[in-house]
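There are 2 protein chains.
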Amino acid sequence: MKLDKAENLIRIYRDGLLNDTIPFWIKHSVDTEYGGFMFAVDRDGSRLDTDKGMWQTCRFTWMLATLYNQVEQRQEWLDLAIHGIDFISKYGFDKDGRMFFHLTRDGRPIRKRRYVFTEAFGAIAYAALYKATGQEKYATKARELFDLIIRYLTNPELTSSKYTDTRLMKGLAIPMILTVTAQELRKNLGDTSFNSYIDESIAEVRTDFMRPEFEAVLENVGVEGKFHDHFDGRMTLPGHSIEIAWFILAEAKYRNNDSELIKTGTTILDWMWEMGWDKEYGGIIYYRDVRGLPVQEYWQDMKFWWPQNEAIIATLLAYQLTGDSKYAIWHEMVHDYTYKYFPDPEYGEWYGYLHRDGRISVPLKGNIWKGPFHIPRMQLMAWQILEEIKTGI
Amino acid sequence: MKLDKAENLIRIYRDGLLNDTIPFWIKHSVDTEYGGFMFAVDRDGSRLDTDKGMWQTCRFTWMLATLYNQVEQRQEWLDLAIHGIDFISKYGFDKDGRMFFHLTRDGRPIRKRRYVFTEAFGAIAYAALYKATGQEKYATKARELFDLIIRYLTNPELTSSKYTDTRLMKGLAIPMILTVTAQELRKNLGDTSFNSYIDESIAEVRTDFMRPEFEAVLENVGVEGKFHDHFDGRMTLPGHSIEIAWFILAEAKYRNNDSELIKTGTTILDWMWEMGWDKEYGGIIYYRDVRGLPVQEYWQDMKFWWPQNEAIIATLLAYQLTGDSKYAIWHEMVHDYTYKYFPDPEYGEWYGYLHRDGRISVPLKGNIWKGPFHIPRMQLMAWQILEEIKTGI
Numbered sequence: 001m002k003l004d005k006a007e008n009l010i011r012i013y014r015d016g017l018l019n020d021t022i023p024f025w026i027k028h029s030v031d032t033e034y035g036g037f038m039f040a041v042d043r044d045g046s047r048l049d050t051d052k053g054m055w056q057t058c059r060f061t062w063m064l065a066t067l068y069n070q071v072e073q074r075q076e077w078l079d080l081a082i083h084g085i086d087f088i089s090k091y092g093f094d095k096d097g098r099m100f101f102h103l104t105r106d107g108r109p110i111r112k113r114r115y116v117f118t119e120a121f122g123a124i125a126y127a128a129l130y131k132a133t134g135q136e137k138y139a140t141k142a143r144e145l146f147d148l149i150i151r152y153l154t155n156p157e158l159t160s161s162k163y164t165d166t167r168l169m170k171g172l173a174i175p176m177i178l179t180v181t182a183q184e185l186r187k188n189l190g191d192t193s194f195n196s197y198i199d200e201s202i203a204e205v206r207t208d209f210m211r212p213e214f215e216a217v218l219e220n221v222g223v224e225g226k227f228h229d230h231f232d233g234r235m236t237l238p239g240h241s242i243e244i245a246w247f248i249l250a251e252a253k254y255r256n257n258d259s260e261l262i263k264t265g266t267t268i269l270d271w272m273w274e275m276g277w278d279k280e281y282g283g284i285i286y287y288r289d290v291r292g293l294p295v296q297e298y299w300q301d302m303k304f305w306w307p308q309n310e311a312i313i314a315t316l317l318a319y320q321l322t323g324d325s326k327y328a329i330w331h332e333m334v335h336d337y338t339y340k341y342f343p344d345p346e347y348g349e350w351y352g353y354l355h356r357d358g359r360i361s362v363p364l365k366g367n368i369w370k371g372p373f374h375i376p377r378m379q380l381m382a383w384q385i386l387e388e389i390k391t392g393i
Numbered sequence: 001m002k003l004d005k006a007e008n009l010i011r012i013y014r015d016g017l018l019n020d021t022i023p024f025w026i027k028h029s030v031d032t033e034y035g036g037f038m039f040a041v042d043r044d045g046s047r048l049d050t051d052k053g054m055w056q057t058c059r060f061t062w063m064l065a066t067l068y069n070q071v072e073q074r075q076e077w078l079d080l081a082i083h084g085i086d087f088i089s090k091y092g093f094d095k096d097g098r099m100f101f102h103l104t105r106d107g108r109p110i111r112k113r114r115y116v117f118t119e120a121f122g123a124i125a126y127a128a129l130y131k132a133t134g135q136e137k138y139a140t141k142a143r144e145l146f147d148l149i150i151r152y153l154t155n156p157e158l159t160s161s162k163y164t165d166t167r168l169m170k171g172l173a174i175p176m177i178l179t180v181t182a183q184e185l186r187k188n189l190g191d192t193s194f195n196s197y198i199d200e201s202i203a204e205v206r207t208d209f210m211r212p213e214f215e216a217v218l219e220n221v222g223v224e225g226k227f228h229d230h231f232d233g234r235m236t237l238p239g240h241s242i243e244i245a246w247f248i249l250a251e252a253k254y255r256n257n258d259s260e261l262i263k264t265g266t267t268i269l270d271w272m273w274e275m276g277w278d279k280e281y282g283g284i285i286y287y288r289d290v291r292g293l294p295v296q297e298y299w300q301d302m303k304f305w306w307p308q309n310e311a312i313i314a315t316l317l318a319y320q321l322t323g324d325s326k327y328a329i330w331h332e333m334v335h336d337y338t339y340k341y342f343p344d345p346e347y348g349e350w351y352g353y354l355h356r357d358g359r360i361s362v363p364l365k366g367n368i369w370k371g372p373f374h375i376p377r378m379q380l381m382a383w384q385i386l387e388e389i390k391t392g393i
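Protein sequence lines, in the order shown, are assigned to chains A and B. First residue of the first sequence: 1, per my numbering; consecutive thereafter. First residue of the second sequence: 1, per my numbering; consecutive thereafter.
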């Protein structure tokens, strides 16, 4: 990569992060009356719904503390991260220690989900706050949540299942969330004992979810790692797999460019780029069937914001770790596609939901699923990786 | 409507039913080895998944028995309806009397849902079999299932809820399913005591779900009928409301053209046509927000097969009951749109999932949600209504 190209990209990511994404959400989401954030906003930032999704609440809190920890010690970011964690601590928990998924504006619970994903986003928020403040109570809470996640994942009988025992499946989301949560807690709590969870999770992805016969990572497999030739068993989400590809590449980097981990991460990226990149319209497509059959999900060919973000990180990291120009080309392809269709030059931030051909499906900027996470995380990481690449040029 | 136009439409609906839809499913879905049906088939009828969805199993069984009861006493239809009901009776029930939602090919349960919709489709299947065979055991089972539905709907504590009590909502789907299930049981069991459920359900739709201030029928309201200004509370599904519009119009017809019922049904149709008809591309769109705001469902502007089918029935029935030429024009609009985009002239049957502009999203003909129900029900009813209209010309 040439120096001026790297510098131009840094400008796009850094300025997007600091002058667009974060200011957009600080302006439009902070609830000064009841605490926490309201992310359900229309294209122009106007309120669509006052309800509070806890995934996004935890993630924005994590993001703000992470900016404070990694970019600069800006008081506004720390104050808002504490504003977020205070709301989470006050209203986010059920009596059993589990977290709610969806609250009213004033913090009354509307829904708790079976799955422990909210708790994973809670754990990384508390860990980033510990790093930012040094307050032990945050580290304690992060560890408690991590232990709870492990307890629920290793004792499935604690959760009522949607399914009978006839065909027990397990999802890629579990080793994914464990990997990235353990990575975050290791970093912010300074505790390498989380390595074992990362090792186990990556081993599970390799053994059970990566399928050389399809050159794909499956989204669901039997609990023993068996392929099931049904809609669910054949399903792959390229954006999801590309996300775990970069979690694994980040682990390779942390472990002094471990070559086995680089090979695993780039194999996943190579497979899923081939399967997920839309050769007609560009961009990473939402669902594929590993046998090339029609999928059951009818929104399967839409272009969501987050798979594009994850592909920008993964291709850039693969380029940094391997020097293979193929990844620089892929990065350019997905960057150019993404920046052509997703950012909203008029009101700022990005659209989230496009049709396959780039038409906007819904123009809103936030809802219970979309908030300040995938975009600013990508902008921060891509900026940081490019600074490292630039140093080496 | 002119006579030659009516005769031409009859040909399209009747021939579509008898020479395309029903033969397609008889050819591709019957499981001669394990019983029941496998509906998950690709465009050309080839198998995508051997699992068995119980909604479609009950619905096809109902459809076959209904053809036998209303079109002609064809032995093949009766034999296949019994083939269906035997599988349902053998494998469809849990020990608590509730029905499963999703089975393996050999009848092992994979999933039971909280909601009692499978039981409603089971009830109409048993009732149609009673009408076809006169066997009391089918009538008994139909009544048992109806009683179970009423028990679960009037005692929500029997079902574990996805939500807390903070903002209790109720769905339009409940009075809808009660109306049509009671209508079917009344007809096939010859018992007018089901009228009270129909009266109560239509009254609930009028009082709680019809909203003159939005000129719309809401999909979800507070349990006391309150409008909630949140994503879920503002949501309307034009195809769903148009479906209940014709249930109400059918009730008006049954009750000697009851003018209040005609007014309720046509008011819903008028509102939801205005809100649901896509003035740019044609067809009935999937979701709308009653305040015109972006909805949370990102597949909101797709064109599914079933809303078009329900709109064909509703407009034709409204025309028959009112003689208002507006409804004949709307019928022509939705008929022409539907027959341009949905039928597959090469392999038969219809596509189910189109993008807003008519592009095909997934070409499959069946899955756990799509099977032989909305299309053949529309073809049969439209044919019957047109025969009546023709007689009056």
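Each hint should be verified, as a subset may be incorrect.
Stated by the list, open to error - Quick look at which bits of chain B chain A covers, simulated, 3 or more residues with Cβ under 8 Å:
1. 58-68
2. 138-148
3. 357-364
Unchecked claim - Below 35 Å or equal to it, Euclidean Cα-Cα: the simulated DSBU-like pairs (lysine-lysine) are:
4. Lys-90/A x Lys-226/B
5. Lys-279/A x Lys-279/B
6. Lys-279/B x Lys-170/A
7. Lys-112/B x Lys-95/B
8. Lys-162/A x Lys-112/B
9. Lys-326/A x Lys-390/A
Said to hold, decoys possible - Computed beta-carbon distance windows for the label pairs:
10. Ala-173/B x Asp-44/A: 31 to 41 Å
11. Arg-291/A x Lys-27/B: 16 to 26 Å
12. Ser-89/B x Lys-279/A: 32 to 42 Å
13. Glu-224/B x Asp-44/A: 30 to 40 Å
14. Asp-344/A x Asp-344/B: 21 to 31 Å
15. Ile-150/B x Gln-70/A: 53 to 63 Å
16. Asp-44/A x Arg-211/B: 45 to 55 Å
By construction, these hints were calculated from the structure, which means they are not laboratory data. We put the CB at the ideal spot given by N, CA and C, even for glycine.
The hints, checked one at a time:
| no. | hint | verdict |
| --- | --- | --- |
| 1 | 58-68 | violated (count 0) |
| 2 | 138-148 | violated (count 0) |
| 3 | 357-364 | holds (count 4) |
| 4 | Lys-90/A x Lys-226/B | 29 Å, holds |
| 5 | Lys-279/A x Lys-279/B | 32 Å, holds |
| 6 | Lys-279/B x Lys-170/A | 44 Å, violated |
| 7 | Lys-112/B x Lys-95/B | 12 Å, holds |
| 8 | Lys-162/A x Lys-112/B | 7 Å, holds |
| 9 | Lys-326/A x Lys-390/A | 18 Å, holds |
| 10 | Ala-173/B x Asp-44/A: 31 to 41 Å | 34 Å, holds |
| 11 | Arg-291/A x Lys-27/B: 16 to 26 Å | 23 Å, holds |
| 12 | Ser-89/B x Lys-279/A: 32 to 42 Å | 49 Å, violated |
| 13 | Glu-224/B x Asp-44/A: 30 to 40 Å | 34 Å, holds |
| 14 | Asp-344/A x Asp-344/B: 21 to 31 Å | 38 Å, violated |
| 15 | Ile-150/B x Gln-70/A: 53 to 63 Å | 59 Å, holds |
| 16 | Asp-44/A x Arg-211/B: 45 to 55 Å | 26 Å, violated |
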